[in-house]
Amino acid sequence: MKARVLVILAGIVILFTGFHNDKRDKEKKEFPTPQGIKNLLFYVQRTININTLVYELNVSDKDELNTKDPIKTYWINYVNGGYTEPLNYIQRKYAYGIEVKLLDAEKKTYVFNFVSYKKKLLYLIKSPHDNKYYAFCNINNKLLTLRKVFIQIEGGAFWTPKIKYIEVTGRDHLKNEEVVERIIP
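For the sequence shown, my numbering gives the first residue as 1286, with consecutive numbering after it.
FYI, nobody ran anything at the bench for these hints, they're computed from the structure.
None of these values were measured; they are calculated from a predicted model.
Just so you know, even glycine gets a beta-carbon here, dropped at the ideal spot from N, CA and C.
Treat each hint with caution, since some may be false.
Computed Cβ-Cβ distance ranges for the label pairs, DEER-style [claimed, not checked]: (1) His1458 <-> Lys1393: 18 to 28 Å; (2) Lys1405 <-> Gly1441: 16 to 26 Å; (3) Gly1440 <-> Asp1415: 40 to 50 Å; (4) Tyr1402 <-> Val1464: 16 to 26 Å; (5) Val1464 <-> Trp1444: 27 to 37 Å.
Below, simulated DSSO-like cross-link-like pairs (lysine-lysine); rule was C-alpha separation at most 27 Å, straight line [unchecked claim]: (6) Lys1393 <-> Lys1405; (7) Lys1386 <-> Lys1403; (8) Lys1411 <-> Lys1392; (9) Lys1357 <-> Lys1417; (10) Lys1405 <-> Lys1378; (11) Lys1433 <-> Lys1392; (12) Lys1460 <-> Lys1433; (13) Lys1323 <-> Lys1353; (14) Lys1405 <-> Lys1447; (15) Lys1460 <-> Lys1411; (16) Lys1403 <-> Lys1417; (17) Lys1433 <-> Lys1417; (18) Lys1323 <-> Lys1417; (19) Lys1347 <-> Lys1405; (20) Lys1323 <-> Lys1392.
Using the sequences and the accompanying hints, generate a full structural model.
Below, the structure written as structure tokens:
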């Protein structure tokens, strides 16, 4: 009876946390790049599967920023056909959700961080060059446009995954080059 309850609980955890495993992921190690997202800020991928977390600028139909909730986060479930789905409560509050604070109301500048990794601060800033918002991050001691994050997970448990490294990729627009920083937690 106890073993059956544990199996059921493990199934519920897998179902509600986005830890859907897919044999194709481990064989190919190919991760899709999200396409056709007009206000994409950056995305996050993990070795668990090819499902991708998207962090998108939250704007109205008139392209006005939602100042109370400027970034929306959701999954692209590539394992099951590429549909989108919201983060569940556990994902939002303990893993992939973000905490956003207004820095400058006049310039509509924000600072944010992942709920699970508060050490790395990110910034939502409107560029004076093209009047668009970008997510900025300190990558290799330079403030660059954040493009993607990759998390290498090797074992561990649900609440304490063993993260081997985190790769943060950004764009240095002055040098027109991609920059990658590897973080060992």
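Outcome of the hint check:
{"no.": "1", "hint": "His1458 <-> Lys1393: 18 to 28 Å", "result": "holds (20 Å)"}
{"no.": "2", "hint": "Lys1405 <-> Gly1441: 16 to 26 Å", "result": "holds (20 Å)"}
{"no.": "3", "hint": "Gly1440 <-> Asp1415: 40 to 50 Å", "result": "holds (43 Å)"}
{"no.": "4", "hint": "Tyr1402 <-> Val1464: 16 to 26 Å", "result": "holds (19 Å)"}
{"no.": "5", "hint": "Val1464 <-> Trp1444: 27 to 37 Å", "result": "holds (32 Å)"}
{"no.": "6", "hint": "Lys1393 <-> Lys1405", "result": "holds (20 Å)"}
{"no.": "7", "hint": "Lys1386 <-> Lys1403", "result": "holds (13 Å)"}
{"no.": "8", "hint": "Lys1411 <-> Lys1392", "result": "holds (8 Å)"}
{"no.": "9", "hint": "Lys1357 <-> Lys1417", "result": "holds (16 Å)"}
{"no.": "10", "hint": "Lys1405 <-> Lys1378", "result": "holds (17 Å)"}
{"no.": "11", "hint": "Lys1433 <-> Lys1392", "result": "holds (25 Å)"}
{"no.": "12", "hint": "Lys1460 <-> Lys1433", "result": "holds (18 Å)"}
{"no.": "13", "hint": "Lys1323 <-> Lys1353", "result": "holds (20 Å)"}
{"no.": "14", "hint": "Lys1405 <-> Lys1447", "result": "holds (19 Å)"}
{"no.": "15", "hint": "Lys1460 <-> Lys1411", "result": "holds (20 Å)"}
{"no.": "16", "hint": "Lys1403 <-> Lys1417", "result": "holds (26 Å)"}
{"no.": "17", "hint": "Lys1433 <-> Lys1417", "result": "holds (18 Å)"}
{"no.": "18", "hint": "Lys1323 <-> Lys1417", "result": "holds (11 Å)"}
{"no.": "19", "hint": "Lys1347 <-> Lys1405", "result": "violated (32 Å)"}
{"no.": "20", "hint": "Lys1323 <-> Lys1392", "result": "holds (22 Å)"}
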